[in-house]
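Student: Protein chains in written order, with my numbering: chain E, 1 to 287; chain P, 1001 to 1534; chain W, 2001 to 2185.
If you are wondering where the hints come from, they were derived from the structure by calculation, not from laboratory data.
Treat the hints with care, since some could be wrong.
[To be verified] Quick list of the computed label-pair ranges, beta carbon to beta carbon:
| no. | chain 1 | residue 1 | chain 2 | residue 2 | range |
| --- | --- | --- | --- | --- | --- |
| 1 | W | E2149 | E | E126 | 32 to 38 Å |
| 2 | W | F2031 | E | H89 | 42 to 48 Å |
| 3 | E | G66 | W | A2007 | 51 to 57 Å |
All C-beta atoms, glycine included, are put in the ideal place defined by N, C-alpha and C.
What follows is the residue order along each chain.
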Amino acid sequence: MIRTMQRSGAALLLSVVALLAAPAHADSGWGLLNMPVGVTELSKKIYGLHMMIFWWCVAIGVFVFGWMIWAIVAFRKSRGAVADTAMVHSTKAEIIWTLIPVAILVVMTVPAARVLIDIEDARNTELTVKVTGYQWKWQYEYLGTGVGYYSTLGRESNAARELQSGIDPRTVPNYLLDVDQPLVVPAGTKVRLLITAQDVIHAWWVPDFGMKKDAIPGYVNEMWIKVDTDKTGRYRGQCAELCGRDHGFMPIVVDVMSKPDFEDWLTARKAAVKQAAATTAATPSIS
Amino acid sequence: MATHAHAAAHDDHDHKPHGWRRWVFSTNHKDIGTMYLVFACTMFFVGGSMALVIRAELFQPGLQFVDPQFFNSMTAMHALVMIFGAIMPAWVGLANWLIPMQIGAPDMALPRLNNLSFWILPFAFVILLGTLFVPGGAPAGGWTMYPPLALQSGDSFPMMIFAVHLMGISSVLGAINVVVTVMNMRAPGMNLLKMPLFVWTWLITAYLLVAVMPVLAGAVTMLLTDHFFGTSFFAASGGGDPVMFQHIFWFFGHPEVYIMILPAFGVVSEIIPTFSRKPLFGYESMVYATAAIGFLSFIVWAHHMFTVGMPLAGQLFFMLATMLISVPTGVKVFNWCATMTKGSLSFEPPMLFALAFLFLFTIGGFSGLMLAIVPADFQYQDTYFVVAHFHYVLVPGSLFAIIGAVYYWLPKWVGRMYDQKLATWHFWLSAIFVNVLFFPQHFLGLAGMPRRIPDYATQFADWNMVSSIGAFGFGFSQLLLPYIILKCVRSGAKASDRVWDGAHGLEWELPSPAPFHSWETPPSAAVIARGAEH
Amino acid sequence: MTAPREALRRANASLTAKLGLMTLGSFAFGFALVPLYDVLCAVTGFGDQKALARAAEVAPQVADESRTVTVEFVAELPNVGSWEFRPVLTSMQVHPGKLYETEFVAKNLTGHDTIAQAVPSIAPGNVAGYFHKTECFCFTPQKFLKDEERVLPVRFIVDRALPKHLDRITLAYTFYDQSIRVGQR
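For reference, chain E alone in the conformation it holds in the complex (with noise of 0.2 Å):
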C-alpha cells in the first residue's frame, strides 16, 4: 500500500510540475497541459482564476492526500498498530473541517465575481459581428456593412477525414483546424459576437480567447471580445456543443489584423459586395 501512495504522491507532483513546467503551446502534444492564457482581456482573467484555483486544489490535495497517507503508513496493523476504538465523534474537529472549506469558498469566489462582472459589462463595443451555426459550418455577418460569408473545414482537412481516408493526417498542416474563409477582426477593439444557429444548437470557442459561448435556434446570445493590439494572428477553436454527425468537422478560425488592415479588408470586401450586386442587377436573375 505504500507504493500505491508513493506512486499517486509521485504522479501528482509530476503532474503539477508538468503545469507549472508547460509552455502554453508547444508543438509537440506531450507538451499541451494547461489551458492556453490567451490573447484577450477576459482571456487572460479567466487563465488567472484557473491557476488561482487550481493552486487551492493543490494545497487543499497536500493536506488531504497527506492526511491518508500519513494514516495508511502510520496505523498498519501490520506494524501492530492497535486501534483506538473509542475516537468515534469531535464536535469540534467536525465544526472546524467545515468551517474552514466555507471561508476558502469565499475567499475562492470573490475573485470569480468579479470577472463575471467585467464579461457582463459589453459596453462601448465597435463592431457587431453576427455568428451563425449551421450543419455543419459557420456564417459570419459584419451587422450594417452587407459583407458576409460562411466559413467551411478547408478542403485538404476534409479529403484527409473521410473515413479510411488513406491520408496521414499529420500531413495536413492544422488537420480540423483549418478554413476556406477565415472571420476577420480588428486588434485592441472591443468587438461584439451576436451568436446563434439555425437548425440545432451549436457553440462558438476559441480558447484563445478565453471563453465559448452557445448558438441557440431562434435565440441570440452575446459576447464580447477584445484582442491585445499585439496579439495580431490566427486563432483556432471547434463548435463545442454536439450537433450531429459532422461536429467535429465545424472549425473556427479568426485572423486578428491591426485596425488600419482590418479597415482596408473591410472595405475591399464591402466593394465586392456592391460589384456582386451591380452584376446580378445587370444580368436577369436565371434561378
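Let chain E serve as the given structure and place chains P and W on it in line with the hints.
Tutor: Only chains P and W this time, still in chain E's reference frame:
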C-alpha cells in the same frame, strides 16, 4: 409432531423453487439482488465495449474504424448503458441483497413489485440496444438528448424514449420498495440512527429517485410530443425554448449524479471502519452530510449549462450553490480520514478499492470545484476536462465502490472466500489503468479538445494515445472480476460467518452463506447492539 | 402473529401509496416546470423572451434625452431562398423612455399562399424586461399571399430603467413559415 414441525420449518427455511421459475417468478430479495448484479455486470461489459470502440477510434487522428454518426451513437449509448444499465442496477442489486439483512428484515417490503422492477429492465435494454439495428442507427445526440438535435434521430427516437420510460419506471419502483422497506421493516430496536450508512445513503438516494426520475419522464415525453404530435415545448418556431429542455433535464440530471454516488459513500463508510478495526468517525455528521448533499443536488442544475447565456445573478447563485456541495463532501472525506487515524489498518481487496475511491474521488471533487467557477467553466465546458471530471467521480468513484462492495460482501453471499491475491491484482491493474485512461484527459480538455468528437487536431494525438492504451488496459482488466466471482462460487474456500475480523452489522451475524430466508425471526436487542457499533 | 403482520401490510400499502403519489407529483412537476420556467425568467429578469411576443402595457414615460442606446435589428431566415426578410434600418439610436417605430420587410417567395410567424429574441437576454413593444408583427401569425411583399411595423420603448452598463441592444426576428411549425405552444 415436534420433529414434523421442525421438518416443516426447516423445509420452509430452505425451500427455493427450482429451475427457471426460481428466477422469473422470484420474490426473494437475495435472488433478485443477484439478478440485478448479473444484469449490471453484463451491461457493464456492453457499455465498456462501446467505450473501447470510442477509444479505438481516438487512438490516432484520422477516422480509421467508424463513421462519425456511429461514433456519436457510441458516446450516447455508452452513457445510457453505463448509467441506467450498469451503475444504477448494480446499486439496486446491492440494496436488495443488503438492506433487509442489515436492518433485520426478512425480505423487501414489496417482493412482487421487486420482481416487476427487475424484469422491466431487460426489456428496456432490448429496446435500447435494438436501436443499433434500426434505420438511421442508434440515438446519436448524446445521452442528454438535447433538442433540436435529438429530434433529428430516425426510428431510434421513439424507441429510446420508450426505453428511458421503462428504465425510469423500474428505478422508481425499486426506490419505492427501498423506502417502504427501510421505514416499515426495520427490526424492533433498529432505530434510524442505528442503521448502517449504506442503508442511510440508499434511503436518501431512493427519495431522490422518486423526486427526479419522473421529471426525466416528463422531459422526454415533451420531446416525444414535440416530435410526433406537433407541440412546441422546445421549438422556438412555436414559441418554445430549446434551453428549457436543458433546465428540466438537468433538474433531473444533477440529482441523478448523486443517485449514483451516494450509495458509494455508504459502501465506503462500511468498508473503511471494518479494515481500520475502528467505528466510523462522526456517524451522525455523515448522515447529515448525506442529507445536505441530497438537498443541494436540487439547486445546482444550471452549472451544467453556464454557456447558454444566463443573467449574472443566476450564474452567481449556481456557482455558490455548487461550491457549497464541496462542504458536506469534504466533511465525509475528513471523517473517513479520521476513521483511519489511530486505527489498525489492513489492506484486503475491499479496503484497497475503498482507498482508491478516497484518493481518486477527491481528485474528481477538485476538478468539480474548478468547474464550478463560472468564468473558468466558460473554457472547460464541453471539453475533455469535463469528461475527465465525471469519469473520475463515476469510475474510481461509483464503480470502484461497487467492486469494493462485491469483494466485501461476496463471501457472505456465497459462503466462500474468493482468491484475494487475484483480486489484489484486479485492484492494481484497475487503479493504474484508470489513471492512465482518464488523467491525460484533463490535459486534452485544458489544451482545447472538445468532447464528443470522433477525430481531432494532431496536437492532441499524444495524450489521446495514452488515454486509449489506458482504456484497453482498464477494460480487459475488468474481465478478472467475473472470473474471480465464478471461481469463488465454484471452488472458493469456506468463509467464516463474520468473514472480516473487523466487520460489524447485522448481516455478519448471519451464517455464511446467508440463508435463503434470513431474519424471519427479528434479531434480538443484544444482536442489534453488537451490530450497531459503527 | 397475524395482527402485527396485518398492520405491517397496511402500513406498507399506505406508504407505497404515498410514494406513488409523490411520483405522480414529480411527473406533474416536470410539466409544471414549463410555465414555472417562464415565471422564473420574468421574475429574475433572466430574459423572459416570451414577453417580447406580447404587447406590452407601459405607462407613458418621459424620454431620457441624456442617454442614447443603440438598437440593432437582425432578421433570421431558417429557410433560405423561400423568403425575403430584412430590417429597413439595421440600427437606430434611441433615448430610453421614448416611443420609436421601425419596419421590417418580408416577401413570400415560397410560391404559394402561406402563414408565417416571426419569433423575437433579444440580446443581451436580460434586456427583455426593459424592452417594451406596443405593436409588433410578431404578436400574431401573418398571412401572406403568393409573392406578396409587406412592410411590417414594430413600435417599441426602451425602458428608462435599463441597467446603466448596457448601451447596445439587438432585436432579432426569426421568420418561420408553415413548413416548419407555426403557432404558440
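Student: Against the structure shown, which of the earlier numbered hints fail to hold, in ascending order?
Tutor: As far as the earlier hints go, not one is violated by this structure.
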